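Use the sequences and the hints to build the structure in full.
Number of protein chains: 2
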Amino acid sequence: MADLSKVGPFGLNGLTATAASRKLESGEITSEALVSDCLLRIKERNTDVNAWAFIDPERALEQARAIDKIPRRSLLHGVPIGIKDVFDTPDMPTGHGFKPYKGKMWHAESKCVSLLRDAGLLIFGKTITTEFACPQPIGTMNPHNFERTASVSSSGSAAAVADYMVTLANGTQTGGSVIGPAASNGVYGFKASLDGIDRTGFRHCKPSIDTIGLFARSIDDLILLRSINTGQKRAAHLDVEIRPRIAIVRTASWSDAERCVQNALNYTISVLEKAGAYLEDVQLPRRFDDLINDFSVVNAWEGRRALAMEVKNNFSEFNGYNRERIRFSDSLSEKEFLRSSSLLNSARAKMDKLASNFDLFLTPSLPGEAPIGTTELRTPVYTRLWTQMYMPAINLPLFEGPNNMPVNVQLVGRNNFDAQVLLLAKWIDDRLRESVQRLPIRL
Amino acid sequence: MADLSKVGPFGLNGLTATAASRKLESGEITSEALVSDCLLRIKERNTDVNAWAFIDPERALEQARAIDKIPRRSLLHGVPIGIKDVFDTPDMPTGHGFKPYKGKMWHAESKCVSLLRDAGLLIFGKTITTEFACPQPIGTMNPHNFERTASVSSSGSAAAVADYMVTLANGTQTGGSVIGPAASNGVYGFKASLDGIDRTGFRHCKPSIDTIGLFARSIDDLILLRSINTGQKRAAHLDVEIRPRIAIVRTASWSDAERCVQNALNYTISVLEKAGAYLEDVQLPRRFDDLINDFSVVNAWEGRRALAMEVKNNFSEFNGYNRERIRFSDSLSEKEFLRSSSLLNSARAKMDKLASNFDLFLTPSLPGEAPIGTTELRTPVYTRLWTQMYMPAINLPLFEGPNNMPVNVQLVGRNNFDAQVLLLAKWIDDRLRESVQRLPIRL
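Protein chains in written order, with the working numbering: chain A, 1 to 443; chain B, 1001 to 1443.
FYI, nobody ran anything at the bench for these hints, they're computed from the structure.
Each hint should be verified, as a subset may be incorrect.
Said to hold, decoys possible - With a straight-line Cα cutoff of 25 Å, these simulated PhoX-like cross-link-like pairs (lysine-lysine) come out:
hint	chain 1	residue 1	chain 2	residue 2
1	A	LYS312	A	LYS102
2	A	LYS426	B	LYS1335
3	B	LYS1353	A	LYS350
4	B	LYS1274	B	LYS1426
5	B	LYS1335	A	LYS353
6	B	LYS1069	A	LYS312
7	B	LYS1102	B	LYS1312
8	B	LYS1335	A	LYS350
9	B	LYS1350	A	LYS350
10	B	LYS1426	B	LYS1023
11	A	LYS274	A	LYS426
Nothing here was measured: the structure is a model prediction, and the numbers come from that model.
Pasting the structure below:
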């Protein structure tokens, strides 16, 4: 992980969820104390980072005191989590990054939030999203360097966790909206399989692709949080070969990756080779590259339908990106949508077959360090395909590039193999950590 | 359609949505008058039918008067629709057929309901569902014969439309919960493709399979309602061959079908042959029959997760069927789920390929007339496969069996081809209607 200590001194807000939960369980700390330190951090830093769409310090503390008083409901009882501002909560507004919805109360609770609340986590506040989770940045800055972007679209969640403003956060991904910001801000990110975390109550913008994800500062945190967010009784156990089979996918965009990204992948490969993993360079069949246009057609068509009411009632209030996409979708025929949708479905089956030969795919997360500025719309070249194929993905943030910004690798698993992929990611994370005296791994 | 005139005299509540909308548009009738007649019908008949989980006559009339005053927003402006009691509405409770949730306000609005409200339809009341849409009946009786079942799980929606208590209704299907009740009660039913109608805000019980559907008393009504419920600007146009390619799928359960069901299918075939359709008997590859166990595993696994909170907090309050399924799911390993889920995904691609050779599949809806009593749990043998393959399906209720109960045929289309399949269903409906002097077609 990039050297996060440089982002300033911190108190209990610096703990991982796993560490905090041990202290909460033993009574060494209270949720109120943990939340106080998070709030302090936000007060100091949020003017620069701009990670929060909604936060009410008094209510957060009140909630923490209430949670401190009741019997512990799960291992994460009392741990605060930031909720991406696309998930409804009955006690806070949900703005979807859309001006007309700023401050709007929807009164509902997304299922994934209810599961967390029911497990005693503290629903801390709403983190900034781009407008309907589109790729146009909305002004959240990278805690490692305020001149650089925090990426899109789960910008606030990733930045808030990276900046120790909150212990955990959630997000969503349709292109690269979890892995991208996790990588830009240097935190662990997990994008579930399509239905790996229940999407009930989540407002879809691309119903066949939108997926839920999680952010944390350790892989153990992700494993624990995912198990609670899927309502599981038992934690999963590692069920991989002694010698995990890993496919290295450099992709057609390999030559566009910055040198530090290439180095991070190559370094990971060398560590895994030494650790006894079976590694194989895999070039995906051309047909998968050819799907780019089909992604675009299906996304536009579904997006147009999902936003039908807003298009009718508030078209002029969309940002430029969304207006352009809506116009593009209006130029499409249903036949084009049907053709693309059918091609994607058949590609999913082919990918499922291909992926069954491996325990996971190793590939970059982003083409480089987070760039300067807030205007760049980067195509999520290393994430889009996996999202559209419903596959779970994990960002490992263990490296640092020439500009002292996080550099990462991505692990991708078979559709629905979320638990196993996380456990294997832990095995890889451990090997990488053992390989150096001190993190981050400089490239 | 079975002889529905026998269910008693009626007023404006007897109109189809298409007929009512013409009269509403011309000012010949008001929404208030239409709603009044629906309420009258409910007062007369609901003690016997038991179709409504929630209805507030005063509020419905008030809403109708308000809608009458504003400019028309769509062709269905002012038409009342019943909402299955699994969709949240901010102005009415949603009970999910689950005792602890009786009368519970969730304060949210499911997206599919918002789209209807935004188009000026009148959100009339909540129709009875079985507990979390499971197959155990909940006491809604068939308007054609109160001793017979209204089927499951969208029981109230189908019975209310069949009994002229409301003009339109919606529902959901995971096994056969739209096509089954539509067929039992003798109304037109449409189950969308998996994402054919936006599931945002719908509480999933089986996230990878739950699908939204619609009920009406004419195929034109279904076409109109679907187009509004998908937020489409333009109505679809028929894009099939002059000579539609229809696959006849008698299925492995053909010999279990009652004679009247077999006759309905054979009659339909003879009419379509005369009308110039290309017909081919298709036996689905054995692999599709072999998926029964995989359906069961995936449904149980997903259901267990989706109901995690209720299992923890309210297990003893589930009905016997759901308790048994939860216990079964607890006996499953994640490996079993992963294997079954992967087999289903690959079957989906194979089905997509197979289905692309035809414009639609013709098959039974139910094995027979609605049986006597309220206890029978029928396996949805003619619908389960299509639901799991994400395919759109339509019930045509044009026949009547030896017990004077509705008998039906089912039309199934390719995944996402919802608009075209509805238009082709209209072509078939027209041919069947032309073939007799008077409906229903007696078998």
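A quick look at each hint next to the structure:
no., hint, verdict
1, LYS312/A - LYS102/A, "holds, 18 Å"
2, LYS426/A - LYS1335/B, "holds, 20 Å"
3, LYS1353/B - LYS350/A, "holds, 13 Å"
4, LYS1274/B - LYS1426/B, "holds, 16 Å"
5, LYS1335/B - LYS353/A, "holds, 17 Å"
6, LYS1069/B - LYS312/A, "holds, 20 Å"
7, LYS1102/B - LYS1312/B, "holds, 18 Å"
8, LYS1335/B - LYS350/A, "holds, 21 Å"
9, LYS1350/B - LYS350/A, "holds, 11 Å"
10, LYS1426/B - LYS1023/B, "holds, 22 Å"
11, LYS274/A - LYS426/A, "holds, 16 Å"
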